[in-house]
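Engineer: So the protein sequences, as listed, match chains A and B. All residue numbers for the first sequence refer to the UniProt record's numbering, where the first residue is 1 and numbers rise by one. All residue numbers for the second sequence refer to the UniProt record's numbering, where the first residue is 1 and numbers rise by one.
No lab work stands behind these hints: they were computed from the structure. Among these hints, one or two may not hold up.
As a list, the in silico BS3-like pairs of lysine-lysine whose alpha-carbon atoms are at most 27 Å apart [unchecked claim]:
1. Lys281/B x Lys262/A
2. Lys262/A x Lys248/B
3. Lys281/B x Lys248/B
This structure is a prediction, so every number in the text was calculated from the model and none was measured.
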Amino acid sequence: MPATSDVSGADMALLISHLDVRFGRGEEAVHAVRDVSLTVRRGESFGLVGESGSGKSTVLRAIAGLATDWTGRIAVDGEDLGRKRSKAFYETVQMVFQDPYGSLHPRHTVDRTLSEPAKIHGIGNVGGRVEALLHDVGLGPEFRFRYPHQLSGGQRQRVAIARALMLEPRILLLDEPTSALDVSVQAEILNLLQRLKHEHGLTYILVSHDLAVIAHMCDRLAVMNAGRVVEEMDVDQLRRSQPQHNYTRQLLNASLGYDRDKADSLLTFD
Amino acid sequence: MSGPGTGSLLEVEGLSIDFPTRTRTVHAVRDISFSVGREKVGIVGESGSGKTMTGRAVLGLIRPPGIVTARRMDFDGIDLTKLSEREYRRIRGNRIAMVMQDPKFSLNPVMTIGRQIDEAYRVAAGAAAGAARRRTMEMLKAVRIRDPERVYKAYPHEVSGGMGQRIMIAMMLVAEPDLLIADEPTSALDVTVQMQVLAIVDDLVSQRGMGLMFISHDLNLVASFCDRVVIMYAGQIVETCRASELHKATHPYTRGLLASLPRVDQPVERLSTLVREESWKTEPGVDARNL
Ligand SMILES: Nc1ncnc2c1ncn2[C@@H]1O[C@H](COP(=O)(O)OP(=O)(O)OP(=O)(O)O)[C@@H](O)[C@H]1O
Ligand SMILES: Nc1ncnc2c1ncn2[C@@H]1O[C@H](COP(=O)(O)OP(=O)(O)OP(=O)(O)O)[C@@H](O)[C@H]1O
Ligand SMILES: [Mg+2]
Ligand SMILES: [Mg+2]
Numbered sequence: 001m002p003a004t005s006d007v008s009g010a011d012m013a014l015l016i017s018h019l020d021v022r023f024g025r026g027e028e029a030v031h032a033v034r035d036v037s038l039t040v041r042r043g044e045s046f047g048l049v050g051e052s053g054s055g056k057s058t059v060l061r062a063i064a065g066l067a068t069d070w071t072g073r074i075a076v077d078g079e080d081l082g083r084k085r086s087k088a089f090y091e092t093v094q095m096v097f098q099d100p101y102g103s104l105h106p107r108h109t110v111d112r113t114l115s116e117p118a119k120i121h122g123i124g125n126v127g128g129r130v131e132a133l134l135h136d137v138g139l140g141p142e143f144r145f146r147y148p149h150q151l152s153g154g155q156r157q158r159v160a161i162a163r164a165l166m167l168e169p170r171i172l173l174l175d176e177p178t179s180a181l182d183v184s185v186q187a188e189i190l191n192l193l194q195r196l197k198h199e200h201g202l203t204y205i206l207v208s209h210d211l212a213v214i215a216h217m218c219d220r221l222a223v224m225n226a227g228r229v230v231e232e233m234d235v236d237q238l239r240r241s242q243p244q245h246n247y248t249r250q251l252l253n254a255s256l257g258y259d260r261d262k263a264d265s266l267l268t269f270d
Numbered sequence: 001m002s003g004p005g006t007g008s009l010l011e012v013e014g015l016s017i018d019f020p021t022r023t024r025t026v027h028a029v030r031d032i033s034f035s036v037g038r039e040k041v042g043i044v045g046e047s048g049s050g051k052t053m054t055g056r057a058v059l060g061l062i063r064p065p066g067i068v069t070a071r072r073m074d075f076d077g078i079d080l081t082k083l084s085e086r087e088y089r090r091i092r093g094n095r096i097a098m099v100m101q102d103p104k105f106s107l108n109p110v111m112t113i114g115r116q117i118d119e120a121y122r123v124a125a126g127a128a129a130g131a132a133r134r135r136t137m138e139m140l141k142a143v144r145i146r147d148p149e150r151v152y153k154a155y156p157h158e159v160s161g162g163m164g165q166r167i168m169i170a171m172m173l174v175a176e177p178d179l180l181i182a183d184e185p186t187s188a189l190d191v192t193v194q195m196q197v198l199a200i201v202d203d204l205v206s207q208r209g210m211g212l213m214f215i216s217h218d219l220n221l222v223a224s225f226c227d228r229v230v231i232m233y234a235g236q237i238v239e240t241c242r243a244s245e246l247h248k249a250t251h252p253y254t255r256g257l258l259a260s261l262p263r264v265d266q267p268v269e270r271l272s273t274l275v276r277e278e279s280w281k282t283e284p285g286v287d288a289r290n291l
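Using the sequences plus the hints, can you model the full thing?
Structural biologist: Shown next as structure tokens:
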């Protein structure tokens, strides 16, 4: 049976169809996500790239239940989601936020940040897991009792990644998870994510501005611009630099490096 | 490279930053020396190596219990080590500005974005309200905000990660500083918007002689955008070179960084990672002053 024929099938980790997300009402409303449809198979890694402000984080936030004013359909593991998320949902789906500083409680130590959700969800051997995960994200035991303001940007981001992994979710929503990391720590984190995926069959939705990271991690990707998905491609098309849409073409071209003259030739697409 | 006769804008010699904690003292920055002329100096290095703290120290923003010591820290003829908090306030945000690594966290959460940029401009230029608003709108457009009218009235939590970074850049640039310290200023921007925003900064350097300290993890970007690069590891400067020659860097840490980059055109099963040598921490650092 072809895998694509049955979109609500059990091998679909995530199905989004005709998703619209708004903030506010009436005249002032921001229509952040417009008619977005995506499917992600179990065990697949799916990339989201596109213009800053195009709605990538909002798509993830709608899935995670953090943006509630949406219409359309969101289904996880074949089950349609409503506006509210159950406690069990967060054992399946976890999110790493784009802005790690805002997502860490300023007066909680790293230890408390990591152990609290695990205790709430009744996970055993919390102390051991905290230790193992800190090690996995390259933070030594000396970081365990520090507060967020005592950490560098990349150290905070790694705490946020460790927290998402604490509950052993099957689906991870990763919003720029390595953008604050130097490339060697990034390599370690990406290798860790790949290993976990192979061991546990995890599914990833990964937002990144780094096309090389997307190419390394993902099987397929969607390109967003001004709230819409303008094109979906598989990683081979990305590697061979064969975009369909003009925005994507510009994106691939700009990724070759800074060029003052090129900057003046870039267009805005609506 | 600084142009003929322009000299250094910032000269730092022997800067160290320590944080005593309950169990031990963290030596965040260890005896580094560098300079910034009217040029773009890239600072790359591992997570936790002291890049942000170096920038904050130049601005006099290391909070207690942190301890800053320096043999010399001169900015355009001003001895920064001798400044009182009051004197620092006249320079900060005005002659030296910093784009913080967590822009949305650094903005005031209960004040609209427009008002915050207006205020930055009014303080720096002594401008009237109407003029400030016009300048703010201009800057929002310049950093490619698609709907500046809405964003002017919005609060920081109502914008995306990359919009927050662009707002922070706009706010720091309205004051037309002589030295801009930009801490991962474009890490949340797609490459097209990034290039357009960096072009503004580039023009300020080439046309107005601004100095730029550009902290970034993006090696390809630093190599193509900056003039010089300083590489930090464990609180020290381990290597420095011309940006265009970054790919020929020789320190094993820098080599390791370059080797761990994923590439669009060359798929690999596993990314190569660094084996960090203890000796990188103990060998003496290098002087990155452009003498
Ligand atoms: N208040 C503090 N107490 C103890 N240690 C601190 C404190 N503030 C910072 N540090 C430590 O100082 C070191 C340097 O921090 P800094 O923020 O400068 O790193 P960075 O190079 O900017 O890293 P990143 O790329 O991850 O942002 C880090 O190891 C950090 O954990
Ligand atoms: N709480 C909110 N209230 C009002 N508007 C919002 C809110 N959150 C997001 N938006 C708007 O929705 C749009 C999409 O934002 P989103 O954060 O999804 O973008 P993004 O693609 O993740 O961008 P970036 O790459 O810069 O992070 C933006 O115009 C933003 O201003
Ligand atoms: Mg985002
Ligand atoms: Mg930093």
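Engineer: It remains to establish, for every hint, whether it holds in the given structure.
Structural biologist: Now the hints, each set against the structure:
{"no.": "1", "hint": "Lys281/B x Lys262/A", "verdict": "violated, 40 Å"}
{"no.": "2", "hint": "Lys262/A x Lys248/B", "verdict": "holds, 25 Å"}
{"no.": "3", "hint": "Lys281/B x Lys248/B", "verdict": "holds, 22 Å"}
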